[in-house]
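Chains as they are written, first to last, in our numbering: chain A, 1 to 119; chain B, 1 to 114.
Fair warning: there could be bad hints in the mix.
Said to hold, decoys possible - Simulated coverage check for chain B against chain A, where a stretch passes if three residues somewhere in it have a Cβ under 8 Å from a Cβ of chain A:
id : region
1  : 30-42
2  : 104-112
Said to hold, decoys possible - A short, non-exhaustive set of chain B residues, derived as facing chain A with CB atoms under 7 Å:
id : residue
3  : F46
4  : S93
5  : D100
6  : K101
What the hints contain is simulated information worked out from the structure, not anything from laboratory work.
We put the CB at the ideal spot given by N, CA and C, even for glycine.
Okay, here's what each chain looks like letter by letter:
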Amino acid sequence: KAGVTQTPRYLIKTRGQQVTLSCSPISGHRSVSWYQQTPGQGLQFLFEYFSETQRNKGNFPGRFSGRQFSNSRSEMNVSTLELGDSALYLCASSLGRGASGTSGANVLTFGAGSRLTVL
Amino acid sequence: DQQVKQNSPSLSVQEGRISILNCDYTNSMFDYFLWYKKYPAEGPTFLISISSIKDKNEDGRFTVFLNKSAKHLSLHIVPSQPGDSAVYFCAASSIRTSYDKVIFGPGTSLSVIP
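Extracted from the complex, chain A is given alone in its bound form (with noise of 0.2 Å):
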């Protein structure tokens, strides 16, 4: 089956702008999370959507939003980008609690990222 699939791959902005980055997670996962890797901090993370609900949130401004589809596709959007905000921006998807019950329903699957450079 498709992994999850996250445009674009690459992009560089300017300060002060905004963007958006999708992602279509695997067939039959209702569950998104989005997370920020940055050299020496991980993978921090931003948010997890699940049935069109933010349910969990991390520790970023709300420069810092996304959205969820009735199909489970997820967006994420950083408005006023900062330098700062360079980073690689990972997607992953997973069954979610809604299938709990299930071994490893919480178990992620990522996708490639969304490298974006701000200048």
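Fit chain B to the known structure of chain A by using the hints.
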């Protein structure tokens, strides 16, 4: 505040020997732990997991040990192979409170020398 810590940024091991990657956590609510492996230009891939009701889980060359009292887990790779060279992330979640919020550590870069 880093809830999942991997204090060794890098590790080098000879091929055929054992690789031991360590991870510590601070949140006592964590009850499910996972290890992921990441190659450059790819997303992390799931390796092995362990529930807090166990203290060991094994899958082929990979074994994860959990010491709940010390809030410590480790991943053992035996024998190590050059293809194991990658960044390894420890991750944790709380099945009881926030099932799908998985917190990752900063990663350990493993180099297996032929």
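For each hint, the structure was consulted:
1. 30-42: Contact hint for the region 30-42 of chain B vs chain A: holds, 5 residues under 8 Å.
2. 104-112: n = 4 at 8 Å, threshold three: holds.
3. F46: holds (5 Å)
4. S93: Hint on S93(B): holds, closest Cβ of chain A at ~6 Å, below 7 Å.
5. D100: holds (5 Å)
6. K101: Holds, about 4 Å.
When the structure is compared with the earlier hints, no violation turns up for any of them.
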